Every structure is written in C-alpha cells, then in structure tokens.
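Those protein sequences? They're chains D and U, same order as listed.
The numbering used here numbers the first residue of the first sequence as 6 and each following residue consecutively.
The numbering used here numbers the first residue of the second sequence as 6 and each following residue consecutively.
To be clear, the hints were calculated from the coordinates, so they are not data collected in a lab.
There could be a bad hint or two in this list.
Identical chains blur together in the list; that is why a pair holds if it fits in one copy or across any two.
[Unchecked claim] No farther apart than 30 Å at their CA atoms in a straight line, the calculated lysine-lysine pairs in the DSSO-like style are these:
| hint | residue 1 | residue 2 |
| --- | --- | --- |
| 1 | Lys197 | Lys332 |
| 2 | Lys229 | Lys261 |
| 3 | Lys88 | Lys229 |
| 4 | Lys370 | Lys34 |
| 5 | Lys197 | Lys330 |
| 6 | Lys205 | Lys261 |
| 7 | Lys332 | Lys171 |
| 8 | Lys261 | Lys309 |
| 9 | Lys408 | Lys330 |
| 10 | Lys108 | Lys261 |
| 11 | Lys416 | Lys370 |
| 12 | Lys332 | Lys370 |
| 13 | Lys44 | Lys309 |
| 14 | Lys338 | Lys229 |
| 15 | Lys261 | Lys338 |
| 16 | Lys47 | Lys199 |
| 17 | Lys201 | Lys108 |
| 18 | Lys171 | Lys133 |
| 19 | Lys199 | Lys370 |
| 20 | Lys332 | Lys229 |
| 21 | Lys330 | Lys171 |
| 22 | Lys309 | Lys229 |
| 23 | Lys88 | Lys44 |
| 24 | Lys263 | Lys330 |
Keep in mind the model is a prediction, meaning the values are calculated, not measured.
Protein chains: 2
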Amino acid sequence: MHSKIMPALLGAAALTSAAAHAAPTPEDKAAASLIASAKFAKAQASLKSDYDTIIQDIITLTEIEAPPFKETARGNAYMAMLKAEGLTDVEMDEVGNVMGMRKGTGGGPLIVVTAHLDTVFPAGTNVKVRREGNGLYAPGIGDDTSSLPVQLAFIRAMNRAGFTTKADILFMGNVGEEGPGDLRGTRHLFSKGKYKDKIKYFISFEPGQPGRITNAGTGSRRYKVTFNGPGGHSMGDFGIVSPAFAMGNAMVAFGKLKAPAEPKTVYNIGILEGGTSVNSIPFSTAMTIDMRSNGKPELDAEEKAFLGLLPGAVAQENAARSTAKGKITYDAKLIGDRPVGSTPETARIIKVAGAAARASGVEPKYGAGSTDSNIPMSLGVEAVTLGSGFETFRAHSLEEGMKMNPPEDLKNMGVGLATVLTLAQAR
Amino acid sequence: MHSKIMPALLGAAALTSAAAHAAPTPEDKAAASLIASAKFAKAQASLKSDYDTIIQDIITLTEIEAPPFKETARGNAYMAMLKAEGLTDVEMDEVGNVMGMRKGTGGGPLIVVTAHLDTVFPAGTNVKVRREGNGLYAPGIGDDTSSLPVQLAFIRAMNRAGFTTKADILFMGNVGEEGPGDLRGTRHLFSKGKYKDKIKYFISFEPGQPGRITNAGTGSRRYKVTFNGPGGHSMGDFGIVSPAFAMGNAMVAFGKLKAPAEPKTVYNIGILEGGTSVNSIPFSTAMTIDMRSNGKPELDAEEKAFLGLLPGAVAQENAARSTAKGKITYDAKLIGDRPVGSTPETARIIKVAGAAARASGVEPKYGAGSTDSNIPMSLGVEAVTLGSGFETFRAHSLEEGMKMNPPEDLKNMGVGLATVLTLAQAR
Numbered sequence: 006m007h008s009k010i011m012p013a014l015l016g017a018a019a020l021t022s023a024a025a026h027a028a029p030t031p032e033d034k035a036a037a038s039l040i041a042s043a044k045f046a047k048a049q050a051s052l053k054s055d056y057d058t059i060i061q062d063i064i065t066l067t068e069i070e071a072p073p074f075k076e077t078a079r080g081n082a083y084m085a086m087l088k089a090e091g092l093t094d095v096e097m098d099e100v101g102n103v104m105g106m107r108k109g110t111g112g113g114p115l116i117v118v119t120a121h122l123d124t125v126f127p128a129g130t131n132v133k134v135r136r137e138g139n140g141l142y143a144p145g146i147g148d149d150t151s152s153l154p155v156q157l158a159f160i161r162a163m164n165r166a167g168f169t170t171k172a173d174i175l176f177m178g179n180v181g182e183e184g185p186g187d188l189r190g191t192r193h194l195f196s197k198g199k200y201k202d203k204i205k206y207f208i209s210f211e212p213g214q215p216g217r218i219t220n221a222g223t224g225s226r227r228y229k230v231t232f233n234g235p236g237g238h239s240m241g242d243f244g245i246v247s248p249a250f251a252m253g254n255a256m257v258a259f260g261k262l263k264a265p266a267e268p269k270t271v272y273n274i275g276i277l278e279g280g281t282s283v284n285s286i287p288f289s290t291a292m293t294i295d296m297r298s299n300g301k302p303e304l305d306a307e308e309k310a311f312l313g314l315l316p317g318a319v320a321q322e323n324a325a326r327s328t329a330k331g332k333i334t335y336d337a338k339l340i341g342d343r344p345v346g347s348t349p350e351t352a353r354i355i356k357v358a359g360a361a362a363r364a365s366g367v368e369p370k371y372g373a374g375s376t377d378s379n380i381p382m383s384l385g386v387e388a389v390t391l392g393s394g395f396e397t398f399r400a401h402s403l404e405e406g407m408k409m410n411p412p413e414d415l416k417n418m419g420v421g422l423a424t425v426l427t428l429a430q431a432r
Numbered sequence: 006m007h008s009k010i011m012p013a014l015l016g017a018a019a020l021t022s023a024a025a026h027a028a029p030t031p032e033d034k035a036a037a038s039l040i041a042s043a044k045f046a047k048a049q050a051s052l053k054s055d056y057d058t059i060i061q062d063i064i065t066l067t068e069i070e071a072p073p074f075k076e077t078a079r080g081n082a083y084m085a086m087l088k089a090e091g092l093t094d095v096e097m098d099e100v101g102n103v104m105g106m107r108k109g110t111g112g113g114p115l116i117v118v119t120a121h122l123d124t125v126f127p128a129g130t131n132v133k134v135r136r137e138g139n140g141l142y143a144p145g146i147g148d149d150t151s152s153l154p155v156q157l158a159f160i161r162a163m164n165r166a167g168f169t170t171k172a173d174i175l176f177m178g179n180v181g182e183e184g185p186g187d188l189r190g191t192r193h194l195f196s197k198g199k200y201k202d203k204i205k206y207f208i209s210f211e212p213g214q215p216g217r218i219t220n221a222g223t224g225s226r227r228y229k230v231t232f233n234g235p236g237g238h239s240m241g242d243f244g245i246v247s248p249a250f251a252m253g254n255a256m257v258a259f260g261k262l263k264a265p266a267e268p269k270t271v272y273n274i275g276i277l278e279g280g281t282s283v284n285s286i287p288f289s290t291a292m293t294i295d296m297r298s299n300g301k302p303e304l305d306a307e308e309k310a311f312l313g314l315l316p317g318a319v320a321q322e323n324a325a326r327s328t329a330k331g332k333i334t335y336d337a338k339l340i341g342d343r344p345v346g347s348t349p350e351t352a353r354i355i356k357v358a359g360a361a362a363r364a365s366g367v368e369p370k371y372g373a374g375s376t377d378s379n380i381p382m383s384l385g386v387e388a389v390t391l392g393s394g395f396e397t398f399r400a401h402s403l404e405e406g407m408k409m410n411p412p413e414d415l416k417n418m419g420v421g422l423a424t425v426l427t428l429a430q431a432r
C-alpha cells in the first residue's frame, strides 16, 4: 500500500519527525537492549539465511491470484505455510482471513501481526512473476504479497533464536484490504471474530520501509451515484430530461466544494460511465466518487455537502427539460467507508515502533494512510502500519514490481522484527 | 432502420400527406398502367411463389454476422446470390459494396437499388434465427437483412415476367450504413466508385412499408470529445485539475444550447466514460455526443456552438485548480458526419414512389430519416428510401425480429417493385 501511504506523506504536515526527542525512553532502552542481544543476532542470521526462501515464497504466493473477494486459494496456501511454521490454532475464519497463534509465556497481551492477502487485480490478470536483474515484476507482488513471507521469516527467526514472548502473537493473512474489499477482513476480526475483544495491539505490514510509521488512518467515504431517466432516441425524444445533464450539474457542483487543508480533506470523481449509443438519450449514467479526510468531523461535513448537492442537481435538470416521459432520479450508494482514526504518538505501540527504528539507526517518520489499521484505530485499539522491508514500486499497476537488495531489505526486516519482539516483551 | 425513420416521423411536421393532390400525374398514369399489366401480374405471382425462398435467404444472410466494418463474409454470400440471378458486372468494390447490373435496353438512366449489408451488432453476437409462431427473431434480421432477399426476388420477378427496362439497374448490397460506418459504402459509391458520375436515381430499401417515403435526410455530426489531464492520486494529488470537472463544465454548457424546433435540430450526450479507479484522479474522460438537424445551416450553427463551448469549459477548470502537474487539454474527434439533404417532392423519383404507392392503394407519407440516401441527397442526386415490405420491430436490440404475414408483405413488396419498374421505364 505504498500508494496509500505515500500520498499522506506527501500531504502537508502529515509527516512529523520525532528527531527532537531528547532522553531515551523505556521503549528505546528495551529496543536497544533487544537489538544488542545475542538472540537477536541469531534472529538476524536466520533472516539472512532465509532470504532466498522469502523470495521464493513471494513468487509462489504472487502467482496465486487473489482478486478482491476471491482470496481463498491464496488464503489456503498461506494457511498451510503458517501451519508449517508450527503455529497453533491455525484456521481460516468465516470471511477468509487465515491465522495461527504463537503462544506467549502467559499473562501477556494479544498482538495481531498481519499482511493482506488481496490484490487490486481482477481474476484472469497475468500474475506470472518476471525477473529482470535485481527486480521482480508481477501485479500485486509488492502490495501486499511481499509482506506475507516476511512474517513467516519472523516466526522462523524467533524460533531459531529461541525467543519466547510474554504476549500471544496471532500471525495473519487478512482479506479485503484493497478498495472494494473495504477492509472487510479486519472489520470482521474486530466486530465478529473470535479474538475481537482480546486484541491489545495490531501491526499491519505493508510494502515499504519500517521507519515510516503510519499512526493515523485517513478516513474515506466512497459513493457510486447513479442517475436514472426515461432514456430515448436522440432525435425522436429530444427535449426530455437526460441523466447525463443531471450528472453534469452534480459534477460541477461537486467540483466547487471547499475542502479544509488541515486536517487534510479531499474529494475526487474517479469513474464516469453511462449511455449505450451515441444516438440514444441514456437511461442511466453514474459517477463513482471518493472523499477522504484525516479528520472525522471534516469527512462527515464533506459527505453531507456532497449528498446535499445531489437533489439540486437533479431538480435543475427536471426543470430544464421535459419530464413527460419520466423524471430524473438518483441513487447514492455507499460503496466504501473507512473510518478515520489514529494511534497517538504517546501510545506504547507507536513508541515501540519508533524506538525499534531509532535503535536500528533509522529515523522514524510518522504519517497517515488508509490501511487495515484504520479499523482498530477507529475503535481505540493501538494499531500501526509498518513497512515490511522491500522497496516496491508501481503498486496497483500492471508494471508493479520490487527490488532485491539483500543488505537493505534485511536491515528493514530487522526493524519490523525488533518492533514485534519489543512489543511482545521477548526474552 | 425503422428506428431511424420513426423518430423523424414522430417529429413535428416531419410528415406530410400528399392526399390533397387532385388530378392524376403522368407518373400516376404510368404506375397505374404498369400495375394493371399482365406482366406485372406475372411479377406479383413470382414474388408469391418466391415467398419461402425470400424467408430462407433472410435466414441464411442473417446468420452470417455483419458487424460494422466486418461485412465481407456476408458481402461475398450476397454477391454470389446477385450472380446467380444472372446480373452482369458482378463485383465487390474497394470498400466492400457488392453489386451487379441488370442492363437496360439502352439510352436510359442508371438507377441504383440497394440495401445495406451491415448491422449494428458486434462480432460474436448470437445471430442464430429463432422462429416463434409467425415471427423470426435474430439481431439484424429486420434492419436491414430482410431487404436484401427482396431485391433478389425483384430481379427474378422482372426476369420471369419478361420485363425489360430503358434504365440500367445496379442492384447492390452496401456496407457501412449503420452508426460507426458513417455511410461509408454509399459515400464511396458517389465519391470514388466507378459509377459515381453516372447515377441518376438512388433507391435505398430499409425495413418498413413502402408507403413511407423518406425524401429528406437528417444530417448528423457526432463527436467523441476526450479531456486529458495529468491524473494522480485522489489524496496525494488533490487540488490538481481534473478532466472530470472540465467535462462536467462542458456537459452543463452543452445542455444549455438552444436548438431550433423547425427545422428540427437536436443534440445529445450519448456515452460517458473515464477514470480507472475511485481513488485516482482520471487522466482521461470522454463524452460521445450526437447533433442532428433537418437543416444544414442549423446543423452547422449547432456544431459551431458545441465546438465553441469546449475551450471555455477547459479553461474554467484550468483556472479552478492547480495546473502545476499539467493542464487539462481536450480533443474533439469527428466520428460521424451524415450530410443533410432532401429530394424535393417535385422530383421524378419521389413522384414515382408516391404514384406507385397510390396505384397500389397505399397513401404515401413523406418524412425525414438518416439513411444511405443522405449522401446522394446532399449531392443533388434524386434519392429516396423506401420500406422493403416486412413488418419488423426492436431494430438495434438483441430482441430484433420480423413478422411473416404473406398477403401484406407481398402487397408491400409489389409497391417497391412497381416503383423500380416505373422509374426504369419498364416494358
């Protein structure tokens, strides 16, 4: 979800550096001590010896297509991988999330560590991985397939190094993160899943570097608005109302909305469609729109303004032309609803993530994104989205790819692993 | 092309009845004398004995798909049929029109009698004919496939009845009548074809009854206007110009154009498209629009107004949002241009068509349409579009069909045949 974090990072004031902090915090001490330990050196050695396995697993999983709502085949494959690492309570839940537990020593919190199974690409997309130099190319390979095997490598590293943790860690591959999935995997986990009231911390791994700490969830509301009318022949029925003109009114009015710069709030017309032939007055046209904000009141206000302009746009067309054969009506369907949320920088999970980065020599940068973490954040559960390590590019495009740069990649993975271990109070 | 004549017929004042005429004209006398002749009775008997053959040929041709620009297979089949009727100079021209000559006795004019080969349906449409009661159903069966075998039956009737004509008659199946074809078959015939300067009369047969005489060609100009911009992420790039908003401006301005009621002039937004995903600012959107008029100056003025509003719509968006990443531009591509034209009711071809109808007991009705006749009409060549005889329905829809009602169908065909024979000065 590079493409989801990057925009926020680019956004004004969305990024703050914590470089100003002075004295080491308890989390800094804990992370530094962990990273300096002999066990962690073993864990790092495990990651290094696993590098080729990680790459092979990325290729294997990438080549099992996982379109929105069709993640089952990949879910089964990943579930088998989780089981092979010796996790307990391995299962696929009702919506397709797959998960397995690495039990703690007892009395500790439950931490969810997850990456998403789904890609944005429709069924039938060619997902064969192509290698070129140190690059691997295939739709979905970066976002978020590359994160799934890193989690497996974390488990092996913990096992080989002999780490025990106070916390229980539930490793997961979740469904429905991308657009149309509307976070349904995570939504289910926190609303109906069997662990729903037990989760204390939630870490979502997405492509990128772990120094980028996403501790704010940009909220979004997405609508598909359909304008309907009688339709007819361009010549014989000329003069009757047209959904195209009604939609034009709505588009222009939408474009005039003022959105606050802080918290950043935006809107977009993403997809336009309608009509059947050049000489037919359409009986239906539609626009699919996106509204986002880092602030809930601002998102609510924007949504209200958008929904409020639709009746006028339609009424204007019904007044401009004949309704003898029927009026224009509209239907605004909510197709996406990602809650706004954030985990304060004072929360333990964010302090640990920052400390693990700093202890690894990486300056943490905080930002907002739109990821699975939006759900726990909106519920007040401590959550963070971190980069799993690989440099990836062109997410959501057919030219999607990732680079293989072992020293950098392994260093990045180490930051993620140190975050999990510190948070879980590993020994 | 029921669907093309009907709208014009529904339009105000597009239809005038010639019932008011008093004394029989020379054409009335000629048509009446022809229809009363023993030879014409033989010709009618030939049509009757041919009815099943006509139906079988309609089925055969319908089941050879003929999408726009892909009429060759059907053209070859129809060319073989023209040859089998003993025509000379049978050929397929450079654009795919197929034709053959029935030579006259000499010194007479050249008459083109044609129906179009193409349908509106894309390749791969199921064109298998389904029979239900006295109905035959398949996409394209009515418009205009049903007219092609009627022309073959005319040739056989003329031959069996022993008719000679002073005129040379070129029977044809032409390509490109429907929307995207933009009349390219007839356009070629009159601009580059080998008979181009020799054609004196042009009769186009389309579905319907021959009492409906289309002697005016509604002109149309069709544009696909594409709006282009930098595109980007709905969050990260918010604030940059969007082709969606520019197009919205153009849609609203287009909807405010005033079109004269007489001669009837109309406009329509037929198809809207654009964008790739809900959270991407589109890099491209497009609208496909139709403008039509029964008057050339009115069509020219409407086109000028439409093209004139586009720069303002784009400039408005370029002023409303940031162009730092690029400006909105547009491209207006002419995708259809059917010339306005008409053949006056005083022209011989129209007088003959009216006389043949009246002499057969059918009251002629004159109207405007958008057919192959637009081309010769716009060039001042006498042209008319007549119904070939069958009652057809749901043209351009997947439920397209035709009725088999032999007495009525044969009567209608007789009117068409009498028109051709009278015009050709048959003996």
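| Among all the numbered hints in the text so far, which are the ones the structure does not match? | 1, 3, 5, 6, 7, 10, 12, 13, 16, 18, 19, 21
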